[in-house]
Amino acid sequence: MVSVSFSKYLASAVSIIAVNFGFIGYSNAVPTHLQAPASLSIASSSKPATATSSQLDLPLLIKTGESFFKGNNYQTVSEMQLRGTKQNTDVTFYIQAKTIVNSTNQFRSEIAFTQNGKPSKESAVVVSDGKQVYIYRPDLKQYSVISSQAFNKSDDSFLIGLSSSFFLEFANNMGKYIASGALSQPEVIKEINTAANQAIQGETRDIEGKQTYVYSFNDPKQGYTISAFVNPQLANLEQMQIVGKDDGLDIAIIEKIQQRTEVKNLAPQTFKFTPPLGAKKVKSLSISPF
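Okay, so the sequence shown: first residue is 1 according to this note's numbering, each after it adds one.
Incorrect hints may have been included.
[Claimed, not checked] Once the Cα atoms are required to be at most 25 Å apart in a straight line, the calculated DMTMM-like pairs of lysine to aspartate or glutamate come out as:
{"id": "1", "residue 1": "Lys86", "residue 2": "Asp219"}
{"id": "2", "residue 1": "Lys221", "residue 2": "Asp246"}
{"id": "3", "residue 1": "Lys63", "residue 2": "Glu203"}
{"id": "4", "residue 1": "Lys153", "residue 2": "Asp129"}
None of these hints come from the bench; they were simulated from the model.
Given the structure is predicted, the values throughout are model-derived calculations rather than measurements.
Taking the hints into account, I'd like the entire structure generated from these sequences.
This is the structure:
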């Protein structure tokens with residue numbers, strides 16, 4: 001299930017980036033506006049001062065999972081980098097997202113593509129009531145309505161944020177495990193330990209003077225590696241990253257979580273969409289302006 005989910009995100013990124021390679025060609029020059037801002041970097045290419053591999057820290061993994069899934073409603077503010085590299089040419093997009101999610105597959109996301117750290121005119125509001133997803137593009141004054149299932153299969157689904165997509169995918173099942181206390185039962189911990197040690201690698205890194213524990217899962221069949229960067233003191237997920245390759249195109253999707261808070265009292269209209277005055281309904285609409 002995990003493999004299918006994350007390979008989907010990678011395929012979606014490929015479809016967005018591949019179009020843009022057609023526009024810029026394959027010159028060796030990388031336009032200055034495509035350079036990564038200092039606030040966000042690809043962790044796999046960073047050089048931590050120290051990296052210590054050891055036995056997988058299972059207690060931290062379980063504690064982080066409990067912290068991530070314990071509530072029903074969360075608001076996440078994050079910055080994503082979507083990067084493709086082919087023949088020494090880079091195409092990079094930066095995405096700012098503020099997303100509220102509910103464990104019943106409802107969400108509301110405000111998305112803006114950026115250049116040089118400044119919001120572009122192209123942005124979108126995406127709202128799901130759990131059954132249907134409404135996509136509104138203020139720049140076009142258009143909106144579309146599709147089923148939640150269709151949105152989940154679309155190229156745009158991960159643009160609400162990797163961590164928010166991950167929560168929506170697994171919140172229902174994980175919430176039941178946490179509520180039942182299963183994650184504290186010795187036999188369950190033993191099973192998790194066996195499965196995790198076979199599939200997940202872990203190491204402590206000192207990144208920019210800050211200690212971080214990194215969990216990585218590699219799927220050679222699907223061709224990607226997913227990494228989760230955790231604050232070991234707080235057991236908080238701070239960054240998610242997926243890297244892979246497709247037909248000579250190196251792809252990286254990185255989300256840096258700037259703030260994630262549990263929302264106790266949601267406004268009644270949070271997951272309801274009312275078309276703005278003058279907005280035209282269209283058959284289909286992409287979140288991405290590309």
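Margin query: Hints numbered earlier in the text: which of these fail when held up against the supplied structure?
Written below: Hint check: nothing fails, all pass.
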